[in-house]
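Novice: Given next are the chains, with one letter for each unit.
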Amino acid sequence: MYNLIGAGLIVIGGGIGLGQIGGKAMESIARQPEAAGKIQTAMIIIGALLEGLAFGALILGK
Amino acid sequence: METLLNDFSPGLFFMQLVILIILLFLMKKFAWKPILNSLEERETGIEDALKAAENARKEMQNLQADNDRLIKEARAERDAMMKEAREIKDSIISEAKEDAKEVTSALIEKAQASIQQEKQSALAEIKKSVAELSIGIAETVIKKELSNKKDQLELVEGILKDVTLN
Amino acid sequence: MKIAQKTIRFLTIAVIAVITSTTFASEADRKDHPQKDGGQVNTQAEVKAYIKHHLKDSHDFTFFSYSTDSGERKHFGFSLPVIIWSSEGLVAFMSSEFHHNDDGHVIVEKKGLKFAKIHSQIYEIDKGATVVSFDEAHHATNAHKTLDFSITKSVVGILFAGLLMFLGFSRLAKQYKTREVPKGFGRVLEPLVIYVRDEIARPNIGEKKYKKFMSFLLTVFFFIWILNLLGLTPLGFNVTGQIAVTVCLALFTMVIYLTNGTRDFWAHTLWMPGVPYILRPILAIIELAGFILIKPFSLLVRLFANITAGHFVVMSLIALMVTLKEAFGPVASTGISLALALFIMVIEILVAFLQAFIFTMLSSLFIGMAVEEHEHH
Chain H
1 MYNLIGAGLI VIGGGIGLGQ IGGKAMESIA RQPEAAGKIQ TAMIIIGALL
51 EGLAFGALIL GK
Chain Y
1 METLLNDFSP GLFFMQLVIL IILLFLMKKF AWKPILNSLE ERETGIEDAL
51 KAAENARKEM QNLQADNDRL IKEARAERDA MMKEAREIKD SIISEAKEDA
101 KEVTSALIEK AQASIQQEKQ SALAEIKKSV AELSIGIAET VIKKELSNKK
151 DQLELVEGIL KDVTLN
Chain D
1 MKIAQKTIRF LTIAVIAVIT STTFASEADR KDHPQKDGGQ VNTQAEVKAY
51 IKHHLKDSHD FTFFSYSTDS GERKHFGFSL PVIIWSSEGL VAFMSSEFHH
101 NDDGHVIVEK KGLKFAKIHS QIYEIDKGAT VVSFDEAHHA TNAHKTLDFS
151 ITKSVVGILF AGLLMFLGFS RLAKQYKTRE VPKGFGRVLE PLVIYVRDEI
201 ARPNIGEKKY KKFMSFLLTV FFFIWILNLL GLTPLGFNVT GQIAVTVCLA
251 LFTMVIYLTN GTRDFWAHTL WMPGVPYILR PILAIIELAG FILIKPFSLL
301 VRLFANITAG HFVVMSLIAL MVTLKEAFGP VASTGISLAL ALFIMVIEIL
351 VAFLQAFIFT MLSSLFIGMA VEEHEHH
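Residue numbers (this note's numbering), protein chains in the order written: chain H, 1 to 62; chain Y, 1 to 166; chain D, 1 to 377.
The shape of chain H in the complex, shown without the other chains:
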């Protein structure tokens, strides 16, 4: 039961973070479409780091 609550909290946190990353990346691509490739790569890396954090927490709690 507590596991599930913890997992929910992790997913909320991760979702907020991913939303921030994606939103800001979209904004910056809209602002500078010529740098889209670089922004995308950076976005994916940051997303992956966040994902690693969230998954790590999920697995540790399991």
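Simulated from the structure, these hints should not be mistaken for laboratory data. Where is the CB? At the ideal position from N, CA and C, for every residue including glycine. Hints may contain errors.
Ranges of calculated distance between the beta carbons of each label pair, as one might list FRET restraints [stated by the list, open to error]:
1. Lys-58(Y) - Ile-16(H): 26 to 36 Å
2. Ala-65(Y) - Gly-184(D): 44 to 54 Å
3. Lys-51(Y) - Leu-350(D): 39 to 49 Å
4. Lys-51(Y) - Thr-259(D): 32 to 42 Å
Based on the hints, put chains Y and D in the right spot on chain H.
Specialist: Chains Y and D alone, transformed into the frame defined by chain H:
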């Protein structure tokens, strides 16, 4: 974490390690090295070819520039020659004009001088003939009045001296 | 052409081997634990157990199973060798001797030792006992795990992926001897190699040093990608979702960046310049923990969790067909599950590439951190 540790199979880990090391070695020897080397070779080849093309282009440009320069020089020379020729022509014409002017003025002067002379002599002749004519007239006129021919001539001469023609 | 012929011959041999072994394997049934419905997966609990079973490694290669009218369970596939380091030394036998039993009821006797398979793991039963006894949490009380070097399904998958990689890329390498530009399938592979080199290795490691690590990065990239994609085929591999495999890959990365660290890297890790002296040991602990524990851990967990979660979601959505049948009827439930599974499957194909990319990218990023030469001020 517990289930994760429980699922971890040391045997599979070992197999994966061995296979990965063998795979790395084989791939490095038979695939990645030849592939990366030939890719690099091709890229340097392309780069060299591009550089050569760039050099050729620059040379062409230089040649073109040379040609342009030569053409410009030739044109300038031609222009200079034309200008000189024109100047020479102008000077010749003006000299000729000058000469012609001198000649004509000299001729005119001469003509004027001879005209003057002719005029003088003609006048003198006219004077003389007028005098003779007038004497003859006067003689005939005055014959009746003047008997002395000598006095009459003196008189006419005196009058003629006072009355100069022109 | 010769290689193609060889491949075809290899495949025919493999197919013959499969067919002959299936007759052998299909004899298997569960005499001691007969299920009334012949092992069909109907309820939610059964679906969950089935998915759990799939996510684990398996000692035999089953393409599909079905039940005859008499309730007998038939498996179509082939068995694989089991190789165990037990208390009596190396023991080897075929997995068909377990008769597809996975809960410790079939016991195999070799070299005077008794072995049972419980949840895809081989247990050695303690001397004197004849049956595995379980406690309440379903842990075996009188048996212990063995070191299992079996050629499991995952090992077959690893070998298969390695073979595919080796055949594909050694052919590409051979093509360069005779021609400048590759033809055929090489035209697909070459841009991928260039992509890994120019988009992943070069910008992260640096122009001077990237060449040394190219072999590792390329091997890992294609290895993970091929295995991720194999996991999406109906063959049912789940290799990159095995924690042992991802641990091995992450450890490889860690060893590479730790052994190639420059003096600058160690100086900055252990005795950070420009920081008050009191803080330096604390920073050193944090940095060391980061490089030795956290970074490899995040690498291995990310890959493992992504693939596991992907398989779990796809299989659960396919299982909707069964679990929603009563509520919506067979047609609607099949339609729902098909649409959702197709959608997630497309995403999973993207994830298969993305995870290979991320693993390689982060590996090269960490290697880049270790080999970087700092400018001294």
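Novice: Between Lys-51(Y) and Thr-259(D), does the C-beta distance stay in 32 to 42 Å?
Specialist: 39 Å Cβ-Cβ, so the 32 to 42 Å window holds.
Novice: Look at the Cβ atoms of Lys-58(Y) and Ile-16(H) and judge whether their distance stays inside 26 to 36 Å.
Specialist: violated, 58 Å
Novice: Do the Cβ positions of Ala-65(Y) and Gly-184(D) conform to the proposed distance bound of 44 to 54 Å?
Specialist: holds, 49 Å
Novice: How does the Cβ-Cβ distance of Lys-51(Y) and Leu-350(D) compare with 39 to 49 Å: does it lie in that range?
Specialist: holds, 41 Å
Hint 1 alone, counting from the list given before, is not met by this structure.
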